[in-house]
Amino acid sequence: IMNIFFQRFRWFKVLRSFRAFRAWRTITHSQNMRIVVKSILSTLHMFGNIAMVMLVIFLIFGVIGVQLFKGRLRLCIQNDGTQLPQFNEDECLSLGHRWENPNIANFDNIGSALILLVEVASVEMWPDRMYTVMDATPSGERPRRNGNAVPAALFFVSFFIIGSFLVISL
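Note that the sequence shown covers residues 1 to 170 in full-length UniProt numbering.
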């Protein structure tokens, strides 16, 4: 009878998800568990403050990155995905290729900039991202080795120091 009832009212499966709250009974019966849960909840406030500081730091560097490097990471890409850095935008489009950002995050908008900054802050392959931006040139020109070296290096090293070390120490 119950199976027929549950088949007709499939939304009742949502009510089954409340079984997960059975663990809360353990908290009410155990004094030690209550202490642990109160400790965790009290640290959430501090975590929120740290998250806000991190967000502000990331947003500041994201806005600076967009202002400095917007549209500068684009290069010629063949239809099969091969990068052709020897062509500028006009040559690339005349050959029937695409002029777009490579398969990495970029600084064309704040969302992409924040993604790139999270990659850098994770300390995973951040020099590769820095070298890509160091080779960036004004929009429409082909990438040139160290064409944007000083601003890119200053930006990435300062973000790496502030964004990674400071945030990790928080």
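Hints are computed from structural coordinates only; laboratory data are not their basis.
Beta carbons: idealized from backbone N, C-alpha and C, even for Gly.
Fair warning: there could be bad hints in the mix.
Pairwise CB distance ranges, derived in the manner of DEER restraints [said to hold, decoys possible]:
hint : residue 1 : residue 2 : range
1    : Ile64     : Met33     : 38 to 48 Å
2    : Glu141    : Thr82     : 18 to 28 Å
3    : Ser39     : Gln78     : 52 to 62 Å
4    : Ser17     : Phe160    : 38 to 48 Å
5    : Asn103    : Trp24     : 38 to 48 Å
6    : Ile40     : Asn109    : 34 to 44 Å
7    : Gln31     : Ala153    : 29 to 39 Å
8    : Ala20     : Glu119    : 47 to 57 Å
9    : Ser17     : Leu44     : 20 to 30 Å
Consistency of the hints with the structure:
no.	hint	verdict
1	Ile64 to Met33: 38 to 48 Å	holds (46 Å)
2	Glu141 to Thr82: 18 to 28 Å	holds (20 Å)
3	Ser39 to Gln78: 52 to 62 Å	holds (57 Å)
4	Ser17 to Phe160: 38 to 48 Å	holds (43 Å)
5	Asn103 to Trp24: 38 to 48 Å	holds (45 Å)
6	Ile40 to Asn109: 34 to 44 Å	holds (36 Å)
7	Gln31 to Ala153: 29 to 39 Å	violated (56 Å)
8	Ala20 to Glu119: 47 to 57 Å	violated (34 Å)
9	Ser17 to Leu44: 20 to 30 Å	holds (23 Å)
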